Amino acid sequence: MICEPVIETFGLSKSYGGFEAAKDLTFQVLGPRITGFLGRNGAGKSSTIKMLLGMIRPTSGTATVLGHRIDDAKQSLEIRRKVAYVGEDKGLYAYMTVEQLIWFTRSFYPDWRPEIEKRLLEEYQLPPRRKVKALSKGMRTKLALLLALSRRPALMILDEPTEGLDPVSIEDLLRTITSITADGTSVFFSSHQLNEVERIADAVLMIDRGKLVLNFAMDELRENYRRVTVGFDRSAPSIDLHLPGIERVRSDGRQLSVLASRNSDAIVEWARRCSATSIDTQPVSLREIFLDTVQMGPEATSSR
Amino acid sequence: MTLWYKTWRETRMRFLLSASILSWVCAVIILTNHGARGQANPPIPYVEYVWQAVYKGYAQDFFSILVIVLAGGSLLQERSHGTVGFTLALPVSRTRLMATRAVVGLSQVTVLAFLPACVLIGLSPVLGVFYPPMQALQFAVLWSAGGTIIFAGALLLGTVVESEYSSWIASFLCMMLYSAAVNITVLQRYPNLNFFKMMSGAQMPYLDAVTFTIHGPLPWAIITTVLVTAVFLMALANRLTQLRDY
Amino acid sequence: MLFKLNPSAGQPLYLQVMQQVRYAIETGVLQDGDLMPGIRTLAEELVVSHNTIAKAYTELQHEGWLELRQGLGAFICTRQLTNKPERVRVAQKRAREFVALLRADGFSNDEIQRFLEAEILFPTEAVRK
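Protein chains in written order, with our numbering: chain D, 83 to 386; chain L, 5 to 250; chain H, 74 to 202.
Just so you know, the hints here were simulated from the structure itself, not pulled from any lab data. Bear in mind that the values here come from a model prediction, so they are computed numbers and not experimental data. Where a beta carbon is used, it is the ideal one built from N, C-alpha and C, also for glycine. Incorrect hints may appear among the rest.
[Unchecked claim] Partner residues aside, some chain D positions facing chain L, computed with beta carbon under 10 Å:
no.	residue
1	143
2	182
3	185
4	365
5	369
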């Protein structure tokens with residue numbers, strides 16, 4: 083399957099006074115596929131997304147979305163015409179009714195799909211004449227999603243889309259996301275729900291303290307990332323950090339824990355040659371790698 | 005276009021309220037005219053009374069404040085409502101958003117400017133007094149120009165001060181400072197710089213100081229300058245909006 | 074056919090799908106000529122990325138287990154299967170006996186699993202130490 087970049091950033095940075103929300107971000111988001119965007123609160127996810135959509139100006143660096151540059155006003159407008167966005171706050175005009183808001187939004191997008199709008203209105207059980215301010219949080223989220231999904235955009239950017247939804251609705255949303263990729267829409271969504279990301283994402287980007295710390299395809303994670311735990315009957319020798327694939331090493335007396343992004347076989351080999359008494363290789367879950375990366379910071383190694 | 009509808013909906017309540025308040029103020033002035041005029045001896049002519057109370061007096065003050073209130077509620081204030089993300093994600097330029105806001109607002113200001121004329125023409129005969137319609141309309145034109153620049157200034161401040169109420173207060177204070185500057189400092193030597201005077205015609209050559217009516221042509225040069233300045237202020241507001249992060 | 078995918082199992086999801094399809098064929102759950110659900114349908118049902126199922130189907134097609142008939146869908150094709158169910162039954166029996174042996178020696182299930190994994194992943198060479 084041919085993957086084209088739908089988002090490309092080049093050294094994208096944003097600083098507010100002394101605080102760096104985004105630092106030199108250079109990455110590609112390919113499509114049509116589902117890319118998860120991970121990071122703790124305040125790590126810079128929303129700032130990055132807002133820069134892509136022209137709501138915030140980068141301090142330096144640039145980016146293109148669907149081939150259009152973000153720093154040109156006209157091209158930025160084109161980006162917004164082709165991208166469906168559901169923001170974190172999911173704020174909608176409280177004084178409009180559901181059907182008024184749909185009528186309002188529909189007028190801006192030539193790619194609107196009335197049949198999807200109709201189906202979702204029914205599926206989400208949104209009362210057309212009720213004012214947005216009288217809707218519950220969950221319903222407001224669903225309305226925001228309806229407005230984004232009733233089109234066939236080339237790219238959908240979702241910032242914490244499942245927040246405030248009950249499990250059944252979350253399942254429905256995930257199902258919807260997977261089905262729109264079948265039609266060629268790429269999805270870029272940020273989430274704290276690692277299980278969700280793990281299930282449906284094809285690739286994952288992670289940002290911590292403004293910096294890009296992880297960027298891999300999920301299959302790569304599953305196939306190649308391994309945690310090798312090695313035990314010795316004496317004080318653990320230090321491992322040659324130049325072995326390819328070593329991401330992080332933690333040592334604790336007689337044990338070594340190595341996080342490898344590939345090539346775990348070579349690490350096992352090394353352990354054998356050093357006469358390790360126990361070698362255990364386990365796959366790495368997304369949660370593990372997230373917590374590991376975030377706790378350790380950008381350094382490659384640490385010892386307790 | 006749906007953008008007009010959105011802007012109208014967002015300003016509808018305050019516009020209707022402003023229109024009601026201004027109409028009510030003018031109505032009260034007219035309804036109490038006999039009593040108020042009779043306090044002097046000989047009684048003040050109706051036309052002079054109207055000028056003192058409406059075009060130079062309370063009504064003008066109310067008008068200025070209501071225009072400031074009308075100018076609130078732009079993008080920056082949307083941020084506190086949480087809807088700015090939605091609005092800015094739409095495929096419309098910020099300039100278009102500002103322009104729509106300005107056009108709707110200025111239309112509302114113009115309606116407000118013509119309200120006293122409507123009330124005067126409609127209500128005066130009921131009390132057996134007469135106010136020349138042409139006069140009322142000419143003052144309406146002057147008020148439209150004055151209202152435009154007040155609106156422009158308040159709009160500009162609204163792009164800088166986030167809270168709506170704070171932006172109103174800031175605009176009001178600026179207006180007071182301006183008023184003080186043109187009435188008290190050396191600038192008082194240049195009554196053409198005082199748009200309040202333009203609106204009322206006080207100490208202006210086109211107002212007859214005896215009959216308190218406008219005679220001769222309207223001061224188109226001053227009106228044009230005021231409007232051009234207003235446009236400049238709004239352009240500045242637009243530029244600031246372009247540069248801001250939301 | 075019922076799939077059970079484990080996103081954290083350390084194996085790409087598309088491989089899991091392929092494995093489960095192959096196993097189903099071996100055990101006769103899926104038989105020659107059975108129609109598989111469409112890629113989109115299956116992706117929605119399992120709530121996984123469309124690409125995952127697409128890749129699985131493509132690979133299965135390359136291996137010869139799936140036959141894509143234009144306009145009709147993906148059909149199971151067991152031409153390469155020879156007596157598989159019998160082989161599987163024999164293998165399962167052997168595994169059962171082996172595990173029983175180890176259990177009798179006092180090893181726990183976890184330990185038995187580790188022995189097997191170690192052997193599969195890193196087969197020890199006879200000439201060592």
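Hints violated by the structure (numbers, ascending) = Checked against the structure, the hints that fail are numbers 1, 4 and 5, while the rest are satisfied.
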